[in-house]
Structure formats: structure tokens, C-alpha cells
Amino acid sequence: MTMRRRMATACCSAITLSLGATACGGGPVSAGGGEKELSGQTLSVAAVWSGAEQKNFQKVLDAFTEKTGATTQFTSTGDNVSTVVGSKIEGGNAPDVVMVPQVGVLQQFAKKGWLKPLTPATGKAVDAGYAPVWKEYGSVDGTLYGLYFKAAHKSTVWYSPEAFAQAGVKPPTGYEEMLKSGRAVSDSGLPAFAVAGEDGWTLTDWFENIYLSQAGPVKYDRLARHEIPWTDPSVVKALTTLGELFSDRKLIAGGQKGALGTDFPGSVEKVFGPDPEAGMVYEGDFVAGIAKDQFGRKIGQDAAFFPFPAVAGGKAPVVSGGDAAVMLKDGGNQKAAEAFTEYLATPEAAAVWAEAGGFLSPNKKLDVASYGDDTLRATAESLIAAGDAVRFDMSDQAPAAFGGTKGVGEWKLLQDFLRDPSDPAATAAALEAAAAKAYQG
Amino acid sequence: MTTTLTAGAAGPRRRARRRRRTTAVAFVLPALLLLGALVVYPVLFSVGRSFFDAAGTAFVGGDNYAEMFRDPATLTALRNSAIWVVVAPTLLTGLGLILAVLVEKVRWATAFKLLLFMPMAVSFLAAGIIFRLAYEEDPDKGVLNAAVVGVHDAFAGTSSYPTARPREDQGVTEARDGSYGTAEAVAPGSTVNLGLVGVAPKEMPAEARPAPAAAKAGAGELRGAVYLDFTPGGGGRPGVVDPAERGLPGLTVEAVRDGGASAATTTTAPDGSYRFEGLADGSYTVRLPAANFAPPFEGVSWLGPALVTPAIIGAYLWIWTGFAMVLIGAGLSSLPRDALEAARMDGANEWQVFRRITVPLLAPVLTVVFVTLVINVMKVFDLIYIIAPGPVQEDATVLATRMWLVSFGGGNDQGLGSALGVLLLLLVIPAMVFNVRRFRRSQS
Numbered sequence: 000m001t002m003r004r005r006m007a008t009a010c011c012s013a014i015t016l017s018l019g020a021t022a023c024g025g026g027p028v029s030a031g032g033g034e035k036e037l038s039g040q041t042l043s044v045a046a047v048w049s050g051a052e053q054k055n056f057q058k059v060l061d062a063f064t065e066k067t068g069a070t071t072q073f074t075s076t077g078d079n080v081s082t083v084v085g086s087k088i089e090g091g092n093a094p095d096v097v098m099v100p101q102v103g104v105l106q107q108f109a110k111k112g113w114l115k116p117l118t119p120a121t122g123k124a125v126d127a128g129y130a131p132v133w134k135e136y137g138s139v140d141g142t143l144y145g146l147y148f149k150a151a152h153k154s155t156v157w158y159s160p161e162a163f164a165q166a167g168v169k170p171p172t173g174y175e176e177m178l179k180s181g182r183a184v185s186d187s188g189l190p191a192f193a194v195a196g197e198d199g200w201t202l203t204d205w206f207e208n209i210y211l212s213q214a215g216p217v218k219y220d221r222l223a224r225h226e227i228p229w230t231d232p233s234v235v236k237a238l239t240t241l242g243e244l245f246s247d248r249k250l251i252a253g254g255q256k257g258a259l260g261t262d263f264p265g266s267v268e269k270v271f272g273p274d275p276e277a278g279m280v281y282e283g284d285f286v287a288g289i290a291k292d293q294f295g296r297k298i299g300q301d302a303a304f305f306p307f308p309a310v311a312g313g314k315a316p317v318v319s320g321g322d323a324a325v326m327l328k329d330g331g332n333q334k335a336a337e338a339f340t341e342y343l344a345t346p347e348a349a350a351v352w353a354e355a356g357g358f359l360s361p362n363k364k365l366d367v368a369s370y371g372d373d374t375l376r377a378t379a380e381s382l383i384a385a386g387d388a389v390r391f392d393m394s395d396q397a398p399a400a401f402g403g404t405k406g407v408g409e410w411k412l413l414q415d416f417l418r419d420p421s422d423p424a425a426t427a428a429a430l431e432a433a434a435a436k437a438y439q440g
Numbered sequence: 000m001t002t003t004l005t006a007g008a009a010g011p012r013r014r015a016r017r018r019r020r021t022t023a024v025a026f027v028l029p030a031l032l033l034l035g036a037l038v039v040y041p042v043l044f045s046v047g048r049s050f051f052d053a054a055g056t057a058f059v060g061g062d063n064y065a066e067m068f069r070d071p072a073t074l075t076a077l078r079n080s081a082i083w084v085v086v087a088p089t090l091l092t093g094l095g096l097i098l099a100v101l102v103e104k105v106r107w108a109t110a111f112k113l114l115l116f117m118p119m120a121v122s123f124l125a126a127g128i129i130f131r132l133a134y135e136e137d138p139d140k141g142v143l144n145a146a147v148v149g150v151h152d153a154f155a156g157t158s159s160y161p162t163a164r165p166r167e168d169q170g171v172t173e174a175r176d177g178s179y180g181t182a183e184a185v186a187p188g189s190t191v192n193l194g195l196v197g198v199a200p201k202e203m204p205a206e207a208r209p210a211p212a213a214a215k216a217g218a219g220e221l222r223g224a225v226y227l228d229f230t231p232g233g234g235g236r237p238g239v240v241d242p243a244e245r246g247l248p249g250l251t252v253e254a255v256r257d258g259g260a261s262a263a264t265t266t267t268a269p270d271g272s273y274r275f276e277g278l279a280d281g282s283y284t285v286r287l288p289a290a291n292f293a294p295p296f297e298g299v300s301w302l303g304p305a306l307v308t309p310a311i312i313g314a315y316l317w318i319w320t321g322f323a324m325v326l327i328g329a330g331l332s333s334l335p336r337d338a339l340e341a342a343r344m345d346g347a348n349e350w351q352v353f354r355r356i357t358v359p360l361l362a363p364v365l366t367v368v369f370v371t372l373v374i375n376v377m378k379v380f381d382l383i384y385i386i387a388p389g390p391v392q393e394d395a396t397v398l399a400t401r402m403w404l405v406s407f408g409g410g411n412d413q414g415l416g417s418a419l420g421v422l423l424l425l426l427v428i429p430a431m432v433f434n435v436r437r438f439r440r441s442q443s
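Those protein sequences? They're chains S and V, same order as listed.
Heads up: the first sequence begins at 0 in numbering that gives the first Met the number 0, then just goes up one per residue.
Heads up: the second sequence begins at 0 in numbering that gives the first Met the number 0, then just goes up one per residue.
In short, the hints are calculated from the structure, not lab data.
Being a predicted model, the structure only gives us computed values, none of them experimental.
Keep in mind that the hints are not guaranteed to be accurate.
[As the list claims (entries may be wrong)] Computed list of lysine-lysine pairs in BS3-like fashion (alpha-carbon distance at most 25 Å, straight line):
no., chain 1, residue 1, chain 2, residue 2
1, S, Lys236, S, Lys218
2, V, Lys104, S, Lys179
3, V, Lys378, S, Lys169
4, S, Lys297, V, Lys201
5, S, Lys87, S, Lys123
6, V, Lys378, S, Lys291
7, S, Lys297, S, Lys314
8, S, Lys236, S, Lys87
9, V, Lys112, S, Lys249
10, S, Lys256, V, Lys112
11, V, Lys378, S, Lys249
12, S, Lys169, S, Lys179
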């Protein structure tokens, strides 16, 4: 036992050394002089990914195997990471590394004492390569537990260039201009926006973008922590702004009723499907994936995006999210886990997936040329350019009962607001009541 | 002597009885242990848990129960559960009875029964997904609405420009009844052009021609064009007939005298032009009646807040009818045939036989089916969770879904969840007691 541990320690320091060498020199990777220190060891990784994402992440794992010799084993947890990981820990079968998809889950894991802090080497890589906001979102009480490997950009409005050409409008740069362009598109006979009202989370994203731009990041953070109530005038103002869009029948495909009956894939289909029923759809970078894979659109040509425009004098918002790699205390193979998280912090690891597509890295060091297509590159540039102004999805940070459950809390209340946007103050009061209950529990 | 004798006789008897009791306990013990571990303990634990807060550390007394009845969502769930318990078993027992009686008279009875029983083999999850699709509101996706819309359109027909609307601030306004008309009144001898927008190029009729720029109206004449005030690619001037802008053919146009009565009616030509001749002096407005723009019939909103519970009950019926039918059918086949025959001999018609003989004789079976279904309906969960879309989830919720939602599905308040579980238990108990009583009675 002691023997093995000592050996493992030796391996670990060798890797740290070699990584250090790589970071400095940036030359070809020669892990400890061509030797593969982790050969014979198995690293188990759990993440929510399945399908294409899992396939692409496997490429990253394979690259890690090639570099270190450790074999890897991937488990897809499905949507409910915390339950799956919790039961695995109790069952004595904890994965070494988990990619947690929400900042709330990361905090929950840390508070339960499941997590091991990241190594100082990873910390250094984060300091050097990431905007400080990412370190903050990966830390709990000042300790860095999570390394954001994959990011999402949730401030992109996707449009059909053909519809814009037909209406004679250009991608707008301000919120008012966006509504104006929307009316022009709608005059051309195509409703402007497809809104996925059946899925509450798309509505929370709408609200968050407007709020972040209108009220600014400081208030956004305070609202996310529920330090200011939802009845705050800034919330009412943002809801009023959103209501202006929601109440305009011309701007929404199918009107409010149609929007409430449209789910997220349906909203993408309305814009990029075979029989377009709308000109624009707002959601994150993943819209491109659906438009491309399901509807055969060529991204950048048949489907393009513009950044969510700034609302009345504010700055353009960048709402984001991401999957953070954390190490579990109960994982059987700590050394491999450390090596793997250190590896994920390198631009080299990010480049593997960036090339395959459907991936954004918050790592500034990653050369944007690594991305497979121009649209992805533009999204990545916008994310990096936002630097410290990036904010995480607010509803992801809230307790699930408020920000993450079908049919209740913020999802349900914003759906009610979409149905009848006439009284933003009443909606704000209802949101506050629901939030007060959820945050206290 | 006698006493010792009796004692001697009683000893072995008592011993034998004791031995018998020990054997009985030994046999019952595994079952009791299982029952205790799997049923009694969880029930008691839930009852205990319902007096603690979300974290399970602080005793809160009856707070969870108070909170439960204060929450409007629980009240909706109670109401929906009540609807379910009353409607679903009644309909199912009725349907099962009718089908069982009818199937007896069909030649392919077994095939028919098999067919009706088949949905039982489909999991609730799969059935839920199937019905979710069938109830979809978009007629292009939901088969039920496709049928409804198909039937409706076969009789009612559709309007030609459902999406058209007036160009804003250009003198054409929408009236309360949905018709569009000019805001200002004009005298005969004027030309009035009405600009509309919002018609997609692919929805324009093939015969549409560019609208005439300006036509001079003669005396007693009112003319102009209804045109699409939108230049493809942009660049058109609002309120002006630009060269690329086409007329809207086939629209009904009315000339309305200032009093409000329609003075003349006509239809627009392929270039969108219209013309009223021989109008008396006075001031007129030009109106496009609402029928031109009636929105297409969109079918029934099956999964809207109003219909969602009946819709889900419909799906439940689809699954369970076979069960009710087979059970009642079994009871039916064991009925004394002579009673039925005798009634028929006495001149009773089929309806009378059914009402006066079959149903009363079947009453015990019907009760069993009904009560079993009541207990079953109390725990319905998956269908509701899957079929009800997010926005109406709360309108469709029942106690079981509420319990899950509160304790695991986001709320993570297992104290409140346990309280709901206890309520559900209390509501099921009467049905249970009833069933056990019946069972005992039929045994004795």
C-alpha cells in the first residue's frame, strides 16, 4: 500500500514537472521523456454528455491516454448529476473526475465535502489563462475546486439571413433596433421571433440577458444571490422591456399562445426548418448544432447569429455557463485525476474538442484558429472579449425549486408572464414570493 | 388423583397448542419481517418525517400540514385527484361493462379482446409519449387536431389573407370587429389606396399583379387599390404604391356610408384595384371586412389549462379499458345462464335483461373493478408528468405528482413531501378498508 502510494507520488511530481516544462517551453509534449507515467492506471470520468458531445469528449480522453498512458472510463450521468454522483459515492464507486454542469451543483458538492481542491499547478494555469470571473465561479469560499473546461455562450440571437435579406434589414446592434428590425421582418410576412415558451428555461435566458444589460453585472450578481428582492425596480423594468416584446403579436410567431406551445427544438425548427415560420430565434450557441444536424443548414451561410444587443444604454450582455471539472475525494485514482484536471487546463486539451466543433473554451490561451468554423470562432471571440463581464446563467445559480423545475418557480411564472405580459409588477411580486420560499429552504 | 389426571391431559394439549403457535409464528415471521421492513416501517417513517423541516433536523409540528393546505398548488392537486377518482373509474367500469357485454355477442370475441387488452402491455411512459404527440396543438403534428381541423375546414373554408394587417400610421386602422378600414371619410370622386403588410411572398396568389400607381376617379366613383405595402428586400416607402409592390386580388371591399351601412360591395382585381360606381353624394369610408382576414382554425387546445386533465384521463382510459373489460367479461361468463334465458323466455328485451339481470348479478365484480381502479387512479403519476407540457404542469398536477415534485423534483423538501404522502395514504385507506371487508365477507 505505502509502496504504491509512494510510487504514485513520484509519478505525480514527474507529471507536474513535465507539465511545467510544457507550459514554459510550449514545445512538443514529451511527458517525462517519452515515458508514460500513468500507464496501467484507470481514470474514471463522469459528465452529463451523451451522443455527439460524448464522442467529442472521448477524443479529449484519448488524447490524455496517448499523453500519459492512463486508460480512461467515461460514464454519462444523464441530467441529474448530483443524484448519480451522490449514489456512486455512497456505493463506494466514486468517479475520479466529474464535469459538473452548473455552478449550483459545484457549490453543493463542495459544501458536502465531496471535493478535493485543484492542484496549485491548475490554479496557476487558471490565473494565467482565464478571466478572473471563471475562477470565482469555480471557487467556493476562496478555494478553487472547479476548472471550467467547456463554456456555453447564451447571448446569441440566431437569424435566417434569407429572411433578413427579404425584409431588407441588417443585424441590429441595439435592443430597440432589434425590435424595429423584427417589425420589418414581420411586415415582410414572416413573424419575427420564435419563442420557446413551452420550455421555461428559454424565458429565463431572455430575462437574464435583458437584466444583465439593463441593470449591470453588480445588480445581476446580487439578484442571483437573492440579496435584492425580485420586486426591485430594476427587475420590474427588465420585465417591462421583455413584455414589450412578448405583448407584440407581430413579433412572435403564433402569438403568445403559439409561443407557449413551442418547445426549444420546435423554436429552432420554426426558423431553420424546411418551412420557416419565423426569422429569428434567441438562444445559446447550441442552436447552431440543431440547425446544422437536424435541418442541414450551413452555419454562417443559412444560419447566422448576432450578439444579444445592448438594452438602452447598457453594455451588450454575455450570459454564459459551463462544465467544470472537479476532483472527488473518494475517487480511487487521485494522481490520475490531478493529472487530468491539469491537462484540461491546457489549451492543448481544449484544442482537441474545439476542432471537432460544438465547443467553446473560456481559456484565453487557446488559439481561436483551432475552432472548426467561423461562426464558432466568432462566438468564442465574443466570449473571450467579454472577459470579466461574463455572467453565469442566473437560474442555474438559484435553487432548483426556483430556477430549474418544470412547471414551478421562475419557469412557470415567466410562462404566465408570456401569456399575459400586462402587469410586470405583479409578476415581479410572484417571483419574489417563489424565490423567498426556495432560497430559505 | 383426578386433578393430576386432568393436569396430565391438559399438559400435552397445551404443549401441542404452544408448538402449533410456534410453528405458525415461524412460518409467518419472514412475511411479517418483509411487510414490516417494506411497508410498515416506511409508513411510520413518512409519518414521522412529515413533522420535520426540509433538512430533517428541526421538529416543526404540524407546520408542514398547514403549509400544505395553504399552498394553492396542493388545492389544485386535491381537486384534480378528486376529478380523477370520480371520473376515471366510473368511465372505465362503464366502458368495460358495455364492451364486455357487446364482445360476448361478437364472433371474433377473442381477437377483439386481445386487441383491446393490448394497450395494457404498453408502458405508461410510452403511452404518455404517444398521447403527448397525438394531443399536440399544431395540426401538422398532432393527429387529433389534424382530424378536427380537417373536418372544420371541409365545412367552413379558410380566409385568403389571415396574416395581413394594415401598415401602421398610414390612414388604415383596424376596427374592433377585426375589419380594416380607412380612418378618414372621403367623397365620391376620390382615389383611396389601402396598404397592407404581413403577407409572406409564398402566400401571395399567383395571379397577383403590380398595383396601379394612381388611377383618376370619375364623378360618383370611388376607386383605388388594396396592395401589399412592402417591397421585397426593403427600400419601399410606407403608404406609397412602389413599383415592385403587388395588389392583393380577391379581397372583399365595402364602401361604407358615414352612417355605418354598407353602400356597395366589390372584389379586388388581380392588381388589387377596386371601383365603386354611381355612389350618391356623401362621405364614405372604405372597409375590408374581417372575413378576409379570419385567422385559420387552429383546432382544439387539448393540452391547454382547461382540457389537460380530461385529455390525460382519455389516455388513461385507452390503457385500462382492456383490463376492465377482461375482468368484467370473466364475471359475465360465470353468470348463471338460466337466469338470463328465463328472463328472455318471459319476454324481456335485451336492454331489460341487461339492466335488470346482468348488471345486478355482476354488481360484486363491478365493485371490485371499481375499487381497484380507484386505488390505482390515486397513484397515477407518469401519464401526467409526461403528457402535461411545462406551462400547464401545475394545472394538471395530482397529489402523487405534487408529492414527488415537492420532495425530489426541485423542491427537495421531504418534510412537506411526506405530509403529502400521508394525506394520500389517508385518502386511499377507505378504499382499502372497503376492499378488505368485501374480501372477508366473500370468504365467510
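Inset, instruction - Sort out whether Lys249 of chain S lies within 25 Å of Lys112 of chain V, counting only the CA atoms. - result: 52 Å, violated
Legend entry - 25 Å limit on alpha-carbon distance, applied to hinted pair Lys378 of chain V and Lys291 of chain S: Violated, because 42 Å separates the two Cα atoms, which is more than 25 Å.
Inset, instruction - Compare the distance between the alpha carbons of Lys378 of chain V and Lys169 of chain S with 25 Å, and conclude whether the hinted pair is satisfied. - result: Since the Cα atoms of Lys378 of chain V and Lys169 of chain S sit roughly 55 Å apart, the hinted pair is violated (cutoff 25 Å).
Legend entry - 25 Å Cα cutoff - pair Lys169 of chain S, Lys179 of chain S: Measuring from Cα to Cα gives roughly 11 Å; hence the hint holds.
Inset, instruction - Measure nothing beyond the straight line between the CA atoms of Lys236 of chain S and Lys218 of chain S; if it is 25 Å or shorter, mark the hint as holding. - result: 13 Å, holds
Legend entry - Straight-line alpha-carbon gap Lys256 of chain S to Lys112 of chain V, limit 25 Å: Violated, at about 41 Å.
Inset, instruction - Given the hint that Lys236 of chain S pairs with Lys87 of chain S, test it: the Cα-Cα distance must not exceed 25 Å. - result: Since the Cα atoms of Lys236 of chain S and Lys87 of chain S sit roughly 45 Å apart, the hinted pair is violated (cutoff 25 Å).
Inset, instruction - Assess, step by step, whether the Cα of Lys297 of chain S is no farther than 25 Å from the Cα of Lys201 of chain V, and give holds or violated. - result: Holds: Lys297 of chain S and Lys201 of chain V sit about 23 Å apart, inside 25 Å.
Legend entry - Straight-line alpha-carbon gap Lys104 of chain V to Lys179 of chain S, limit 25 Å: 69 Å, violated
Inset, instruction - Compare the distance between the alpha carbons of Lys378 of chain V and Lys249 of chain S with 25 Å, and conclude whether the hinted pair is satisfied. - result: At roughly 44 Å apart (the allowed maximum being 25 Å), Lys249 of chain S and Lys378 of chain V break the hint.
Inset, instruction - Take the C-alpha atoms of Lys297 of chain S and Lys314 of chain S, compute the straight-line distance between them, and say whether it is at most 25 Å. - result: 30 Å, violated
Legend entry - 25 Å limit on alpha-carbon distance, applied to hinted pair Lys87 of chain S and Lys123 of chain S: 31 Å, violated
The structure fails hints 2, 3, 5, 6, 7, 8, 9, 10, 11 (numbered hints given earlier, in ascending order).
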